[in-house]
Structure formats: structure tokens, C-alpha cells
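2 protein chains.
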Amino acid sequence: MKTASICTIGDEILIGQIVDTNSSHIARELNLLGIQVKYMTSIGDDRSRILSELGNCLDHTDIVIVTGGLGPTKDDITKDALRELSGAKGYRESAEQMAHIQRILGARGIPMIDTNRAQALVPDTCTVIPNTLGTAPCMAFYGLGAQGTSALYSLPGVPFEALGLLPAVMDDIRRHFSLESITHHTVVTFGIPESTLAKTIEPWEDALPGNIHLAYLPNPTIGVRLRLTQLGGQADFSPYLAQLQAILGDAIYGEGDDTLQVVIGRKLRAAGKTLALAESCTGGHLSELITSVPGCSDYYKGAVTSYSNEVKMKVLGVREETLLQFGAVSEACVREMAAGVLRALDTDYAVATSGIAGPGGGSPEKPVGTAWLAAAKKQPDGSVNVATECVRFASSRAVNIERFASHALDLLRRNL
Amino acid sequence: MKTASICTIGDEILIGQIVDTNSSHIARELNLLGIQVKYMTSIGDDRSRILSELGNCLDHTDIVIVTGGLGPTKDDITKDALRELSGAKGYRESAEQMAHIQRILGARGIPMIDTNRAQALVPDTCTVIPNTLGTAPCMAFYGLGAQGTSALYSLPGVPFEALGLLPAVMDDIRRHFSLESITHHTVVTFGIPESTLAKTIEPWEDALPGNIHLAYLPNPTIGVRLRLTQLGGQADFSPYLAQLQAILGDAIYGEGDDTLQVVIGRKLRAAGKTLALAESCTGGHLSELITSVPGCSDYYKGAVTSYSNEVKMKVLGVREETLLQFGAVSEACVREMAAGVLRALDTDYAVATSGIAGPGGGSPEKPVGTAWLAAAKKQPDGSVNVATECVRFASSRAVNIERFASHALDLLRRNL
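Residue numbers (my numbering), protein chains in the order written: chain W, 92 to 507; chain E, 92 to 507.
Because the hints were derived from the structure by calculation, they are not lab data.
Hints should not be assumed to be uniformly reliable.
Which copy is meant is left open, so a pair is good if it fits within one copy or across any two.
Cut-off 30 Å, straight-line C-alpha distance, at most; resulting in silico cross-link-like pairs (DSSO-like, lysine-lysine) [what the hints assert, rightly or not]:
| id | residue 1 | residue 2 |
| --- | --- | --- |
| 1 | K129 | K469 |
| 2 | K170 | K457 |
| 3 | K93 | K129 |
| 4 | K290 | K170 |
| 5 | K468 | K129 |
| 6 | K129 | K457 |
| 7 | K405 | K170 |
Quick caveat, the model's predicted, so the values are computed rather than measured.
All chains should be modelled from the sequences, with the hints used to inform the complete structure.
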């Protein structure tokens, strides 16, 4: 099994100014190729530390992926450290990257200065993988480390540039190391906690052939993803997937990179149906999830965030008696919110949330972390059918809101 | 200057399943105490790697902070590695942590089982800092490393538990290492890019006394924070802050941990005024930012996310002629959206956004990344005054949405 190290370079990480999200993405991609990540490390803008850490990683792993330290400013010293590490005599200009620099600056109407030009210079030992999204190129170095067989890839630190380069880097790794084929299939579930899920499918898991490996990947917004992996050979997961479907039923909602909002969008688009939201405790987060899917305007008409009772009554038509008798966090209120926004925005489906995210508020009967959720559906005769659910969590405000929203999406998904 | 290492433990980080956000928070807190973070590393659930990495960190830095690897499951082997590393003979039960475990499980109605009980067991060499938010305690070990003077703190990996423990851990570090006093003052700015800001305040920065250090902390949602730091002695930043205020004027909007949504909330509450939002391209993100502030229901009435022209007309009262003549992404449309939601939700202020977040859509005149923003204010005579702004960015969908939202908040802030 090939091994890898992931290193980020830059003082901004060591002083806690930014969160490193690149390493997680890179680790996932390497893992999907069957490569084991052994080291993950952050290094400051310090030449000797960069040289010693990268040297150590190259001696102990086959692949080293470096992000950051490639900006045009003076404290970015990574490129020259890589020149030394790779035994390069000097620099050459990458004509291909220079063309991208000219195009990018031109589109923004920015004149080219020396610092931009310098970004196209690379150590003469490296192979350039052009960066079409930014001015700093990706550099690949081969034949390094104690064995003389390790490879190093240097990527810019800007997340959307680094992520944009990953497919090309992974292709290069696959080719350069002639990796054995690896096949994955991921099934996405929602609503069953990881530990319960593990117990439920234990007999199925135990009966899997020895060359098929199962991984659990839990995520609060997406649910628990179950990933089957087979190294080498022709993979046919279909009999095992059919068995899993029979066990888990509609707890399975998608595959691969599917999320609740993507699956909901796909179903609504296919059926030519529309959606509206009425949010109280989720405060816009549900709408943000729906609109994170490009093209959602095909089925999403909009939302009313009713943070006050006045808006619940005035815009959504919730009755004052309902609020007085049951309160805003009640089944009766979310029913009226969901039916109200469906009618006000004239859609086929609607979702509503009302709860107590905390940290303040709550009562013994309705503690912080309680929410009522509703999914409304317009019937052929014009009447509205509403499904409801009460959930209770015990986390921070932000995490409670995240869970209220994902459970509301799941309630809709199960009622589409 | 004291030095530190931050280590996360857990295979879930090395396979890219989760993003490590704890290390960034911890690094910032250490930085605020004047401690230099030298190493930041992730280690898998591998006993020998944990022992060698932590041993190395203890030999080379004064403070080692470890997160993760403390759950009740079998692959969490951190605690026994710490026992060995600290030379402990065995375990003792922490009565204080046991009380928290009983309270937490009791509140959730979960019966205590052996794995819960085991979480109160700690190596007999450690000092417990009780974790009131979860079942795994924080453990402090002193007198370790090559010098026999280094300290190690082990925290649970769950982010809200780790963050909840940080104040107590930082207090313990300050006391244990008798740290020199350090004073910070942070000024928060919005609307001036970092490079322009640096040029604008260069003469002021150059005239600062040698014992006062300035740091730039840019953030896409918050703006650029300027942090003044003085090590030791009595700090009086007031003359320098007054000079900075004179140079930057209303680009300065707050101090410390202030964000646009916090400052807006504070001003609205103090004035007894209310706010509504009409979102198109930001799709709920603006509302999410406003509702991320606990207690926002004092001034925030709600929002209409009008993702379709139909909702813009029907709920917000945007005129059909406006949409036909200028389109939805236009000054005229956001003016009518802002005034419309202010009237529909009967508030004193309103913000509206309409733009093209991408990746699809756009035209030569209105490319992807363009948005019109509006801030409306009810006048004493009942009329509505609207300020508008057009912004243009060239990033991914998610980053464009983030920038549209923060600029819309800033437009409101400057018009409160």
C-alpha cells in the first residue's frame, strides 16, 4: 500500500487565523485511491523547518502533498526550499502558467507586475500542472526521498484553487505510481444513529467477501454514509447492495456524493414540482442548504423566515388561538406554518420548523434543543396534507440548528 | 517565549472524514497568551505513533495540547498511551468527572454502563480539569519531556466540548508557567482590502512604539481585524487607537470579537428598532448570520427569501414593469424588495440582495459574481429611504454568497 504525507505551509495556520480545510479534502481523495495518509502536519513560513519536515516526509512516505506558501509576497519561501530540496540549479519560466497568469489578470483588468511574472518561474527540476484558477502553478517533483522514488506535489493554499487542481494531481499520482485499480460504492443513509446502524447490519457485514471492505462515514448534515471498497479485480457490489436495501429500506436515500438537498432537488425537478420553506428556529439555514445546489431556482420558489409571532400570523396565516393555546413551538403551529407558506407562495411542497435552538429559552416541557418539524404536500383536490415530527437534541446553538434543518429535510424527503 | 505543539488524534482526520477545527481555535488562544505554536500535527489511532509523536513534541516544546482519542470505543487508545508516557502505574477514578457523567446521562435518561464508568478513570499521574459538557475529562500532566518541565493537556475531540474546556486550560497554562502579562486590543474594519489598508496606515504603524506589535487578521465575513499586542508592563493603547480612528473613520465598526451581525444587533436593540430581510442570491445566508446571534428575536422579525420573480411580486410587491425593464438583478429591483419587506413585515430597517452567485447564469453586462444590495430605513414621516450598492466578485458560488451577505450587512451598518 502506498503511503502519503500532507503538509500545509504558512504562519496563518499556526497562529490560528484560518482553519485548514484543504488537508481533509486531500486526505479523502488519497484514501479513495487506496493510499494511506500517515502524516498530516502544518509548518510555519520558516525555510529550515520546511526543508527538514518535507525531507522527513519524503524519506518515510511515497507521496508528499504540500499546500500553501506560494503567494507573491516576500514571506512565501516555499518555492525556493523546493528548489533546494529537489536539487535544482535554477528556475525556468513555465510558458503554460504564464498564459494563465496573463488571461486571469487581463480578465480582471489588472496590469502585470514583476511579482506576477515571478509566479510563472519554477525550479527546473519540476513538472508543471497548470493552475487555471489562479496565478501560482502546481509543481510536481519525482525521484526524491531516501529511496529516490518519492514524489512531491506543491499546490497553492487558496482552497478553491487547491481543490480545482486535485483531480489532475490524483490522475498524475495514479499514472506515476501505476496504482492497482480500486472500486468504491457509497450508500447514503439518514435517521439511524451510527451505533444502531452498525448493530442492524452486522450479520450482512460479517457475510461480505474478504476482499470487500466496509467504512462508516457519519456526518451531521448528510447522515451516515456506508462505503464499500474492493482493491483490484472486477467489482460487482450489486448483490450486497440489494441485501442492504432490503435491510435498511427507506433509510437509504442516495449514493456517492448525494446529500438530502441534492436528492430532494432531483426528485422535485423530475416531477416538475415546487418547494417553499417556513423557518423559525432554523433561521435561514434550511434555505441556505436548498440554495447551495446550483440550479435550485427550477423548483425552489422561496422561504419566509418568521422569527416573530407577528410574521407567523401576518405572512403565514398562523392563527392567534394556535399560538396562545399551544405556543410557537408546537405541532399545531408548524402545521399551520407549512400549509400557510405552501399557499402563500403557491407551491406543491413546503417545510416548516419551529423550535428552541438555545442557549437561552426553553422550559421543562420544551427544553432547549426541542423542535417541531412539518412537511406539507398539496393533494390533487387542492387540500394540503401535513406530516410532522418532534426532535430533541442537546448541543450548542449552531449544532442544534444544523440538526433541526437536516431532520426537516429528511421529513420532506420521506414524504415526497 | 514559551512554545507549544497541537496534536489531534484519530483516524477520522487522516482519512479526510472530518475537518479539524479545534487546532485553529487552540492556536489562536495560545497566540493570545504570547505562546508560539511550533508544531501542528495529526496522528492516527496507533499507539506507537502516538507515543513517539507526543514524546517528540514534549522534548521540543513547553506545552503540548492533544485533542481527540478519548471516546468510549475500543479504538481510542490515547488514554493508555498517556498513562505510559507520564510514567503512571495505574488508574484512579475522578469523583468530580464521575458526578458530571452521572448528571449528563441522567438528564438524557441513559442508564450508565461500564464504558461510561471507564471514562472517569484517569492515569494516577494526572490532574483532572472537569468537562461539564461531556463524559470524557480533560487531563493535565506536568513535568514531562527532555527538560522535565513540559506540560501536556488532553482534551476530548468533540468541538463544543474542546472549546468549552479552553478557558480553564489557558488559565492553568498561565498559572503553571507564570506567564508574563500580555495585552491585546483588536479593532475590526470592513470595506478596505488588506493591501490598501496596509498602505493607508503604514505611517501610523511605523510610528508605533517598539513594544507594541500590530497583526493583520483578514476574514471574508468579518473584514480585516487589526490586533495591537504589548508584552509586559502597563498597556495604554488609547492614543494610537484615536489616531487610527482618525485615519480610518467609519471603516472601523467594532472591537474584539465583534462581527457585523453582532454590532448591528447591538445597535438595533439599543435603539428599540426592528429588522427584516429580503434575500434572493444570498438564499437564506444573510438570515442565518443574523440568527447566529443569541437573543436576536429582540430585533429581528424575519425574512422573505424570494428565489422566484413570482414571490418577489406577490409577497414583496416588486412591480412587474421593474422586472421586465431592469431584470431581477438591478438597483430598481433591490430598492423595491427592501422597501417591500420593510412594509410587509412592518419593521424600521430592511436589507435586500439580488445577484448571480453562479456557477451558471450571468451575462456580459451582469457577469456571475454581480449583486445589487439595498438597505432601507423607515423615516419619521413613514416614507422609506433606500441606500444601494453594486458589488462584483469572481469566486465560487459559496464564496460569492458569503461576500454578498457580508457587504449587505456592511451597507446596513453604515446606514443605521
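Going down the list of hints, with the structure as the test:
no.	hint	verdict
1	K129 <-> K469	neither (53 Å within a copy, 60 Å between copies)
2	K170 <-> K457	neither (58 Å within a copy, 37 Å between copies)
3	K93 <-> K129	both (10 Å within a copy, 28 Å between copies)
4	K290 <-> K170	between (51 Å within a copy, 26 Å between copies)
5	K468 <-> K129	neither (50 Å within a copy, 56 Å between copies)
6	K129 <-> K457	neither (46 Å within a copy, 47 Å between copies)
7	K405 <-> K170	neither (61 Å within a copy, 57 Å between copies)
When held up to the earlier numbered hints, the structure conflicts with 1, 2, 5, 6 and 7 and fits the remainder.
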